[in-house]
Amino acid sequence: MTAPGNAAPPRHVVVVGASAAGLAVVEEVRRQGFTGEVTLVGDEPGLPYDRPPLSKQLLAGEWETDRLLLRAPERFEELEVTHRPGTAATGLDTGTRTVRLADGGTVGYDALVIATGAGAVHPPSLGAGLRGAQVLRSLADALQLRGSLARGGRLVVVGAGFVGAEAAAVARGMGVPVTMVDPLPLPMVNVLGDEVARLLAGRHTAAGVDLRCGVGVEEVLADGGRARGVVLTDGTVVETGTVLVAVGARPAVRWLEGSGVRLGDRGRDGVEGVLCDPRGLAADGVWAAGDVAAWFDPATGRHRRGEHRLGAAEQGRAVGAALLGAEPPAPSPPYFWSDQYDLKLQSYGATGRDMASAVVEGSLAEGRFIAVYGHRGADGLPRTVDGVIGISAQGCGCRSALHKKTTIRSANGARIEGRVMAHCADIAGGRGGQTRAGNGMCRRAPNGAPPRKQFSARTSAFLLLRRREPEPTVMTATADHAIYLEPFVPEPLTP
Amino acid sequence: MKITIEEEKCCGAGQCVLVAPEVFDQRDEDGIVVLLEPVPPADQQAAAREAAQVCPAAAIHIHEEA
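Listed in order, the protein sequences are those of chains A and B. The number in the numbering used here is simply the position in the first sequence, starting from 1, with 36 added. The number in the numbering used here is simply the position in the second sequence, starting from 1, with 765 added.
Please note that the accuracy of each hint is not assured.
[Said to hold, decoys possible] Restraint ranges, calculated between C-beta atoms of paired labels, are given here:
no., chain 1, residue 1, chain 2, residue 2, range
1, A, Trp99, B, Leu800, 16 to 26 angstroms
2, B, Glu829, A, Gly238, 20 to 30 angstroms
3, B, Val799, A, Gly260, 49 to 59 angstroms
4, B, His826, A, Glu363, 35 to 45 angstroms
5, B, Ala811, A, Gly260, 20 to 30 angstroms
6, A, Asp102, B, Glu829, 15 to 25 angstroms
7, A, Ala176, B, His826, 20 to 30 angstroms
Simulated from the structure, these hints should not be mistaken for laboratory data. Just so we're clear, the structure is a prediction, and the values are computed from it rather than from any experiment. Ideal Cβ placement from N, Cα and C applies to all residues, glycine included.
Given the sequences, and given the hints that come with them, work out the whole structure.
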């Protein structure tokens, strides 16, 4: 058993960063049967906690801090880890394999995992350092914002991305007046695309959010070190004592400068963060996982960095296995969710403003639907399915299509793990069944012949699978459905 | 091994069902987790542990000693 980056199996695994990715590394090495020493270093106090609820249930006051713990204290104890909470890493010497800590101490490693995540950006022009102007990334941030909202007064949210839009929804739920500002034309538009983002904008407006899209913030006004308002780029002044700056995050790599670990440069590499190979290896004996890590993606030939919760856990698991020389588990499609008002938004795979999209179940007007995203065909509709977004209110029937479980066996008996993502009758139907998908499922021809590689108009459905097949494969499934898999290679539509 | 779930935490990602389909399912109407096997048989325990590990909402709890 040889591990890339480690000539011999490690005796001491050090994980820097004690959030979702870091904890996943620790759990995975133990799950793999590693009995050596494991050290978990984190700059925040206390046990590892989960971040998605910070802008949801915790901010709303529905949950208290202890509900955010990723593992109950007794479960965490079982991992037999040397935990160093409240201790930031300040430097790395890859020659001597030593991490320097803020308390002046050092810790040596055989295998190091960098899982320091990302830090919320707070530029000076947006009131960094002012009381009443803050970001939302940590538990302390969330509790501070909760306190500010409880004191009353208007909340100005700068940036209508995940964090900003969720916080705005929570604040409205508490009866707090909210102004949300974003230079883009619609909230979350880069991931949702225009149509879906327009729906979301409508929900915020209907809930009473004063939504100012297409406009930026010039400066935050202050009085005696305390925020008192914001000046927008159109000259408008909005008075407020509470400004939430939610303009994105940057990977926490400062402590790695000069360490020899390769760091991404946006201009040169298109991405920031710790540059890794496709398995998370950054340097000899050094791995990275989660928001801080930019893994090389062989499919695109570029490094890619994600900031979603599931990806952090999966990368942590994969690194935990790989650093011991074990085979890492296959990654799932990218996934995220967001809760705003009574809306549940879920996304699988690749979606975005630059892709074609089509509603395949439900309708935008109802606010409950499933939309697929893919390469744009000549007719403007997606002709591949690379991703799916579902939005539902509570009790929405169309959400079930996102979750319908399908057991599929290939011709050789192997089980393909998948789930029906969406029915696509609307795309294929009326368009002559021309829509093609990367991975798909379609009705078998009546005579039992293998399906043609295009969707039938009536019963097409898509599967997003846990793995992609290198070559097109026709597989059998239930009596009236067949599965085929092929790589996501866009081809021109034949008229 | 005994499994407990926190429904209110579940975000409906369905990772548990992919990893351990004998132990977990999802409600058809909203995708929220359904615990099929609160006390999973020995051959399902590894998958159950894995499911708890990958759950993006930390909604699955494994109690080993039970």
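Quick rundown of the hints versus the structure:
| no. | hint | in the structure |
| --- | --- | --- |
| 1 | Trp99/A / Leu800/B: 16 to 26 angstroms | holds (21 angstroms) |
| 2 | Glu829/B / Gly238/A: 20 to 30 angstroms | violated (48 angstroms) |
| 3 | Val799/B / Gly260/A: 49 to 59 angstroms | holds (55 angstroms) |
| 4 | His826/B / Glu363/A: 35 to 45 angstroms | violated (27 angstroms) |
| 5 | Ala811/B / Gly260/A: 20 to 30 angstroms | violated (60 angstroms) |
| 6 | Asp102/A / Glu829/B: 15 to 25 angstroms | holds (21 angstroms) |
| 7 | Ala176/A / His826/B: 20 to 30 angstroms | holds (26 angstroms) |
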